[in-house]
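Asker: Respectively, the protein sequence lines represent chains A and B. Just so you know, the first sequence maps onto residues 1 to 456 in this note's numbering. Just so you know, the second sequence maps onto residues 1001 to 1456 in this note's numbering.
Incorrect hints may appear among the rest.
[To be verified] Covered stretches of chain B, going by a simulated chain A footprint (3 or more residues, C-beta under 8 Å):
| id | region |
| --- | --- |
| 1 | 1135-1146 |
| 2 | 1373-1386 |
[As the list claims (entries may be wrong)] No farther apart than 25 Å at their CA atoms in a straight line, the calculated lysine-lysine pairs in the DSS-like style are these:
| id | chain 1 | residue 1 | chain 2 | residue 2 |
| --- | --- | --- | --- | --- |
| 3 | A | Lys-237 | B | Lys-1237 |
| 4 | A | Lys-96 | A | Lys-358 |
| 5 | B | Lys-1356 | A | Lys-281 |
| 6 | A | Lys-94 | A | Lys-358 |
| 7 | B | Lys-1358 | A | Lys-281 |
| 8 | B | Lys-1094 | B | Lys-1106 |
| 9 | A | Lys-22 | A | Lys-220 |
| 10 | B | Lys-1022 | B | Lys-1220 |
| 11 | A | Lys-237 | A | Lys-251 |
| 12 | A | Lys-219 | A | Lys-22 |
| 13 | B | Lys-1358 | B | Lys-1371 |
| 14 | B | Lys-1251 | B | Lys-1022 |
| 15 | B | Lys-1251 | A | Lys-237 |
| 16 | A | Lys-96 | A | Lys-371 |
| 17 | A | Lys-22 | A | Lys-251 |
| 18 | A | Lys-106 | A | Lys-94 |
| 19 | B | Lys-1382 | A | Lys-281 |
| 20 | A | Lys-358 | B | Lys-1281 |
| 21 | A | Lys-281 | B | Lys-1281 |
| 22 | B | Lys-1096 | B | Lys-1358 |
| 23 | A | Lys-358 | A | Lys-371 |
| 24 | A | Lys-356 | A | Lys-371 |
| 25 | A | Lys-281 | A | Lys-237 |
| 26 | B | Lys-1281 | B | Lys-1237 |
| 27 | B | Lys-1251 | A | Lys-251 |
| 28 | A | Lys-22 | A | Lys-211 |
| 29 | B | Lys-1106 | B | Lys-1124 |
| 30 | B | Lys-1022 | B | Lys-1211 |
| 31 | B | Lys-1094 | B | Lys-1356 |
| 32 | B | Lys-1281 | A | Lys-382 |
| 33 | A | Lys-356 | B | Lys-1281 |
| 34 | B | Lys-1237 | A | Lys-251 |
| 35 | B | Lys-1371 | B | Lys-1356 |
Keep in mind the hints are simulated off the structure, nothing from the lab. Each residue gets a CB set at the ideal place from its N, CA and C atoms; glycine is no exception.
Protein chains: 2
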Amino acid sequence: MNEQQTDFLIVGAGFAGIAAAKKLHSQNCNFLIAEARDRIGGRTLTQTFEGEIVLDLGAKWLGPTQQLVWEWVHQTGAETYSTYNSGRNILSYKGKISHYTGVIPKINALSLLDLGLAMNRLEKLAATVNLQQPWQHPQALHYDAMTLHTWIRQNTWTNAARHLLEIGIQTVFAAESSEISLLFALFYLHSGDSLQTLISIANGAQQTILKEGTQGLLKKVAAPFANRIRLSTPVHKIVQDETGVQAHTSKGIIRARKCILTVPPALMERIRFEPLLPQQKAQLFQRMPMGAAMKCYAIYPSPFWRQQGLSGQVISDEFPVKVTFDVGHTDQDYGKMLVFVEGNDARYFISLPAEKRKEMVLTKLVRFFGKQAASPIVYTDKCWTEEEWTRGCYVGLMPPNTLAHLGQHLRTPFGNIHFAGTETAERWNGYLDGAIRSGYRAAEEAIQAARSNMSS
Amino acid sequence: MNEQQTDFLIVGAGFAGIAAAKKLHSQNCNFLIAEARDRIGGRTLTQTFEGEIVLDLGAKWLGPTQQLVWEWVHQTGAETYSTYNSGRNILSYKGKISHYTGVIPKINALSLLDLGLAMNRLEKLAATVNLQQPWQHPQALHYDAMTLHTWIRQNTWTNAARHLLEIGIQTVFAAESSEISLLFALFYLHSGDSLQTLISIANGAQQTILKEGTQGLLKKVAAPFANRIRLSTPVHKIVQDETGVQAHTSKGIIRARKCILTVPPALMERIRFEPLLPQQKAQLFQRMPMGAAMKCYAIYPSPFWRQQGLSGQVISDEFPVKVTFDVGHTDQDYGKMLVFVEGNDARYFISLPAEKRKEMVLTKLVRFFGKQAASPIVYTDKCWTEEEWTRGCYVGLMPPNTLAHLGQHLRTPFGNIHFAGTETAERWNGYLDGAIRSGYRAAEEAIQAARSNMSS
Chain A
1 MNEQQTDFLI VGAGFAGIAA AKKLHSQNCN FLIAEARDRI GGRTLTQTFE GEIVLDLGAK
61 WLGPTQQLVW EWVHQTGAET YSTYNSGRNI LSYKGKISHY TGVIPKINAL SLLDLGLAMN
121 RLEKLAATVN LQQPWQHPQA LHYDAMTLHT WIRQNTWTNA ARHLLEIGIQ TVFAAESSEI
181 SLLFALFYLH SGDSLQTLIS IANGAQQTIL KEGTQGLLKK VAAPFANRIR LSTPVHKIVQ
241 DETGVQAHTS KGIIRARKCI LTVPPALMER IRFEPLLPQQ KAQLFQRMPM GAAMKCYAIY
301 PSPFWRQQGL SGQVISDEFP VKVTFDVGHT DQDYGKMLVF VEGNDARYFI SLPAEKRKEM
361 VLTKLVRFFG KQAASPIVYT DKCWTEEEWT RGCYVGLMPP NTLAHLGQHL RTPFGNIHFA
421 GTETAERWNG YLDGAIRSGY RAAEEAIQAA RSNMSS
Chain B
1001 MNEQQTDFLI VGAGFAGIAA AKKLHSQNCN FLIAEARDRI GGRTLTQTFE GEIVLDLGAK
1061 WLGPTQQLVW EWVHQTGAET YSTYNSGRNI LSYKGKISHY TGVIPKINAL SLLDLGLAMN
1121 RLEKLAATVN LQQPWQHPQA LHYDAMTLHT WIRQNTWTNA ARHLLEIGIQ TVFAAESSEI
1181 SLLFALFYLH SGDSLQTLIS IANGAQQTIL KEGTQGLLKK VAAPFANRIR LSTPVHKIVQ
1241 DETGVQAHTS KGIIRARKCI LTVPPALMER IRFEPLLPQQ KAQLFQRMPM GAAMKCYAIY
1301 PSPFWRQQGL SGQVISDEFP VKVTFDVGHT DQDYGKMLVF VEGNDARYFI SLPAEKRKEM
1361 VLTKLVRFFG KQAASPIVYT DKCWTEEEWT RGCYVGLMPP NTLAHLGQHL RTPFGNIHFA
1421 GTETAERWNG YLDGAIRSGY RAAEEAIQAA RSNMSS
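Make a model of the complete structure from these sequences and hints.
Answerer: This is the structure in structure tokens:
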């Protein structure tokens, strides 16, 4: 059987794995990357339609305080543009369509007050959660014993505020507020600056788009060490002793002194570990299910809604089109309408036949933007729950009683194995920037550990 | 490579797998069982100490309405005895020890009223949940959006009642009330008759003990087809097409027309499926983490506490000994003190050194039962989170937003693959009886499907 030897083995060639590799490469370390898919990118996937329409079917945006991903943009000279954010937004609520500008939809004054107060309270709470050790919060046990949904019910009194807040939460987490603990939600919001940042375009997490897509950026970063990446090479067993690890892959054995795993927590135990993963880590990984996210695109010859003074942004309570964005570039470019379907909606929607899905999305887009929306050049959608090597998106979530009791076991190394992936990030957890941070951190850890092994 | 052919392949030789095999055997079907462990029994494990002290380190008891497991007892002539249940019980709460008789501890009248009312309310709610389709409950979405912990906080007003109810819940679920949704908890309680049944010895789920242990019973049932069981044979891949399945095991390929999987949901995706598991099933399985349960035994020359008029039963708020039972037989038998450690306690307790654990348990037992408790003949403990092929116990749990939205995908067959395991049971979910029911049901499904394939 084919056998290879290296110093550092990285499992996974997404943003975390490539970041770890970049760090190792910069320090002239000897490494290999084993990637299960036949491509790099992990939860990013950029595809070109009609020869020139570049679409991100996975992670898409960059935001202002995401310093590490911006460093990559500047280093590689990747071109970016700002998400279109002019004109009136659409709110569709209880069958009525209204237009508004800014982040907060036009609802009655009482509901607006209610929404504002609840968001403000949530922001303030989130700011009190320490990002390194969220389980140290004085109220950690209490906040981790309830769902975010329970908190929202206790802290809003109008249906409209509740409804809009829930839609915002779905878009941020690719999950229902009932799936996650309040403590985890607070940590996650704080990790990405604030709820306001996470739901915003201007100065927010949806601010900037990469012309060649997020996977395009990663390819540029990985180019100097592309020869170290083994594609279509899932790791199915890792045996370790004091001297290092032995990874059994579909294409033979790779021996290394240290291993960096970037696999999402929910998929970690697909690898058989000898010795076994510590029980607290194993129980933690069982308790971090993946969210469910779909991106649906309808592409038109031009962004015709802009001429009508519309931003292309919709917030609605009408399944399946609850949130949309105009992600095209200039007015002369194609019209690129992006529809999000999240959480329970996503799992149900993707189970419908493809033609039905297209029809349902276009029917709603016609309702919001007029007849021109009926005939896109391209319609495509993707649900990440169907992807074998992530089985969901954006991120591994934490239900109640997870972060407070088991969160401390997330990043701890296990012998010669170090753990990366955006789920392990303190800052920008769940985002590309968090993935990069986690890769750098794990690589530094592994280099340090290898050095202290040698000197001992 | 070694290749075998059969009609029905059962994966897992626990109670569910052996029940499926028994059904197939009774209908003269051709089948094989692939078991990952080097033993049968799954979450049952009976070990003998000092040559004659038989202890169940996993599932232990039988209760009154568990008809199917009782059928096995009668068919095999397995001997049973009743759990000792005479004398005074001990309550240790806030540093004070008191004695009481019956199921409900002696606390002040107000707390007692509070506890009684809350339990009564919980029982009534549970009775309204349909066992076949719990997601059809008119309040399903509401009950599935909160944790059981939230419900307990909203429905009790004294700390003592809350505390005692939480200890009861921990013992029933091997989990915290904050880990499970209210809807799942209600379903589970109803599935095992009622909370009262599940926490009781008399007429309850802790009523009867098997002399040769639960694994001993299973060995007897499996004896007629023991030659069909392949031990130490984990299945790591299942490829299927219209004609059947091809299971890749550590010892070669097994081809079959139908497959019955009895693997706990949390471990299901360790098997690589081609084609992939449907996405809703996969997301469901990510959302069914295993509980954490430990059994600790201190064995004495005789049950000396009985002479003091004590039942050997303790309810306490003192980590790690919160619940104990006397599981010995006659007064002339060894004294067998069983201590439960559950949920967060279990994950933490097992991470301590073995000597420390023994010391901590014995210190508490001395406090409750006197100096004689300091010197057991045998002390042993086992935490199921450390077992590679279950990674927790008793059962796969459901956090919020799981049962209402994804529960309907639990039992649905996937092509030629049928799903069993106690987690799929409608009655006695999580118990041995539920495992047997699930095995029978899946075997009947598979036989039916094979017949209709042949006639079509």
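Asker: So, for every hint listed, does it hold in this structure?
Answerer: Right, here's what the structure says about each hint:
no. : hint                    : verdict
1   : 1135-1146               : holds (count 3)
2   : 1373-1386               : holds (count 3)
3   : A/Lys-237 x B/Lys-1237  : holds (14 Å)
4   : A/Lys-96 x A/Lys-358    : holds (23 Å)
5   : B/Lys-1356 x A/Lys-281  : holds (22 Å)
6   : A/Lys-94 x A/Lys-358    : holds (23 Å)
7   : B/Lys-1358 x A/Lys-281  : holds (24 Å)
8   : B/Lys-1094 x B/Lys-1106 : holds (13 Å)
9   : A/Lys-22 x A/Lys-220    : holds (11 Å)
10  : B/Lys-1022 x B/Lys-1220 : holds (11 Å)
11  : A/Lys-237 x A/Lys-251   : holds (12 Å)
12  : A/Lys-219 x A/Lys-22    : holds (12 Å)
13  : B/Lys-1358 x B/Lys-1371 : holds (15 Å)
14  : B/Lys-1251 x B/Lys-1022 : holds (24 Å)
15  : B/Lys-1251 x A/Lys-237  : holds (16 Å)
16  : A/Lys-96 x A/Lys-371    : holds (18 Å)
17  : A/Lys-22 x A/Lys-251    : holds (24 Å)
18  : A/Lys-106 x A/Lys-94    : holds (13 Å)
19  : B/Lys-1382 x A/Lys-281  : holds (18 Å)
20  : A/Lys-358 x B/Lys-1281  : holds (24 Å)
21  : A/Lys-281 x B/Lys-1281  : holds (24 Å)
22  : B/Lys-1096 x B/Lys-1358 : holds (23 Å)
23  : A/Lys-358 x A/Lys-371   : holds (15 Å)
24  : A/Lys-356 x A/Lys-371   : holds (18 Å)
25  : A/Lys-281 x A/Lys-237   : holds (17 Å)
26  : B/Lys-1281 x B/Lys-1237 : holds (17 Å)
27  : B/Lys-1251 x A/Lys-251  : holds (19 Å)
28  : A/Lys-22 x A/Lys-211    : holds (22 Å)
29  : B/Lys-1106 x B/Lys-1124 : holds (24 Å)
30  : B/Lys-1022 x B/Lys-1211 : holds (22 Å)
31  : B/Lys-1094 x B/Lys-1356 : holds (23 Å)
32  : B/Lys-1281 x A/Lys-382  : holds (18 Å)
33  : A/Lys-356 x B/Lys-1281  : holds (22 Å)
34  : B/Lys-1237 x A/Lys-251  : holds (16 Å)
35  : B/Lys-1371 x B/Lys-1356 : holds (18 Å)
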